[in-house]
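Spelled out from the first residue to the last, the chains are:
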Amino acid sequence: MGVKKIPSEVRMRKPPVSFLAVVLCLGLALVLLAETLVVKIQTTQVRKDPKFYAQVVAVLKAGETAERIGSQDGWFQVKTTKGIVGWVHSSAVETRKFNLFAMDKNLKTQASASEVALAGKGFNKQVEASYRAKHGEISFAWVDKMLEIKIPPAEVEDFLKKGKLGEFRGSK
Amino acid sequence: MRRPQFVRLTGILLLVIAAASCSVVQQGTEILAQTGKISESDKNSIIKTSEAIRSTFADITEEEEYYIGRSVAAMILSRYPAYNNDGLTRYINTVGNAVSYFSNRPEVYAGYHFLILDTDEVNAMAAPGGFIFISKGLLKRCKDEEMLAAVLAHEIGHVTAKHGLQSIKKSRLIDAFKILGTEAVQRYGSEQLAQLTGIFEGVLGDVVESLIERGYDRKYEYEADRQAVAITVRTGYSPAGLTDFLGTMVGDKSTASGKGWFKTHPSPEDRLERVKAEISSVKSIPLRAAVRIARFKQNVGNLK
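Chains as they are written, first to last, in our numbering: chain A, 1 to 172; chain B, 173 to 476.
Read the hints as simulated data drawn from the structure, not as lab findings.
Treat the hints with care, since some could be wrong.
Said to hold, decoys possible - Taking lysine-lysine pairs in the PhoX-like style, the calculated list, with each CA pair at most 20 Å apart, reads: (1) A/K79 to A/K48; (2) B/K308 to B/K341; (3) A/K150 to A/K51; (4) A/K145 to B/K308; (5) A/K134 to A/K150; (6) B/K391 to B/K312; (7) A/K162 to B/K341; (8) A/K161 to B/K469; (9) A/K61 to A/K79; (10) B/K308 to B/K455; (11) A/K162 to A/K145; (12) B/K308 to A/K164; (13) B/K308 to B/K448; (14) B/K312 to B/K455; (15) B/K391 to A/K164.
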């Protein structure tokens, strides 16, 4: 009887240890999965489904963040800071990266890309204005007209549909 | 038994803490900034301390790429007038946007925009940030939507791979990045601005020289062709649009006199051979559809 008791004690001790390990691994996985994404383009739409012509549920501007909760074919499923869940294309966002071993401020003499983006610095509107003041012969009128040409995703969807393209293509 | 387990568990725990602290740094600073405990610039400087500095074209931000692209586009438009035809421009933009959805970079800072240049020169160019130009001369060579889609997909391929930005001399970027410094001020002082504007002029010169004068390195053109095949196939267009287009350029003496596409691109024979090889590896090749041939004719058929 006494001999049988020992294995049962071992069984009693073992499960909590492996359980703890599993919990920690899951915790690690969750932390790694819950990445913070930063919008790197002027504006991007959070869509109901991973498609450009899916319903828009939120709009995010440059520098705004969202938590990544999933991914599929180049799209990230995100949760916005307001708690809205939807999809953004991976090309519209970047993952905020940290290097905990480079915390010494004295080592830094230059700005990183994302802080330049955050500060709206670099080659920006002010630099363009300064360039334009020097080069009156270069007209930006057509560039601004070009930017006004916007094809709504619903129109592109209709174009794809009528042209039997994308997901609307026939088998032949 | 217990000791190795303890060591293993401690290791896992440390990993979890390290991973978690990355987001804690950020979330913590966000919260402090929101509650007014620290300023926005403090928040940024806390976040930035652990990030890498900029050194290459890949570190140019989307916004900077957009501003470089705007000025490059303006310079292109100072050499070639725009072809003012709303209906045709809208059609080109619809085809362009449709294929951009199937590229590796459908989202650029301010979206893709396409414009026709009023010249009989056969040419197409992509300024950084998604400003894409196609000449009337090139458009007239396209016999159907597949050919047009292939040319636009080739240009999108250049934007996707940032070929324009790669033509900027590295020394110029290093100078610019140095001036930018670490201070998160919103506006530049006059001396900084004058220096940056000078560098900006140099940057534009490098990109325009590649686009209009010298052309890209051959390997970039081949890469854009590979992208064009992949993008058109994903969209559902026949990739033969690209080979058909290149076919019209083979042995063409009229425009081969050194203008436009001929001056800045490798020989069409060379590209044709590579593109054919690329297409041969495509598993399922989409076919042309009558509906697309008809709408192309309707939109482009009357172009003179």
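Hint check results:
{"no.": "1", "hint": "A/K79 to A/K48", "in the structure": "12 Å, holds"}
{"no.": "2", "hint": "B/K308 to B/K341", "in the structure": "32 Å, violated"}
{"no.": "3", "hint": "A/K150 to A/K51", "in the structure": "18 Å, holds"}
{"no.": "4", "hint": "A/K145 to B/K308", "in the structure": "18 Å, holds"}
{"no.": "5", "hint": "A/K134 to A/K150", "in the structure": "30 Å, violated"}
{"no.": "6", "hint": "B/K391 to B/K312", "in the structure": "27 Å, violated"}
{"no.": "7", "hint": "A/K162 to B/K341", "in the structure": "45 Å, violated"}
{"no.": "8", "hint": "A/K161 to B/K469", "in the structure": "18 Å, holds"}
{"no.": "9", "hint": "A/K61 to A/K79", "in the structure": "15 Å, holds"}
{"no.": "10", "hint": "B/K308 to B/K455", "in the structure": "34 Å, violated"}
{"no.": "11", "hint": "A/K162 to A/K145", "in the structure": "28 Å, violated"}
{"no.": "12", "hint": "B/K308 to A/K164", "in the structure": "27 Å, violated"}
{"no.": "13", "hint": "B/K308 to B/K448", "in the structure": "26 Å, violated"}
{"no.": "14", "hint": "B/K312 to B/K455", "in the structure": "31 Å, violated"}
{"no.": "15", "hint": "B/K391 to A/K164", "in the structure": "33 Å, violated"}
When the structure is compared with the earlier hints, violations turn up for hints 2, 5, 6, 7, 10, 11, 12, 13, 14, 15 and for no others.
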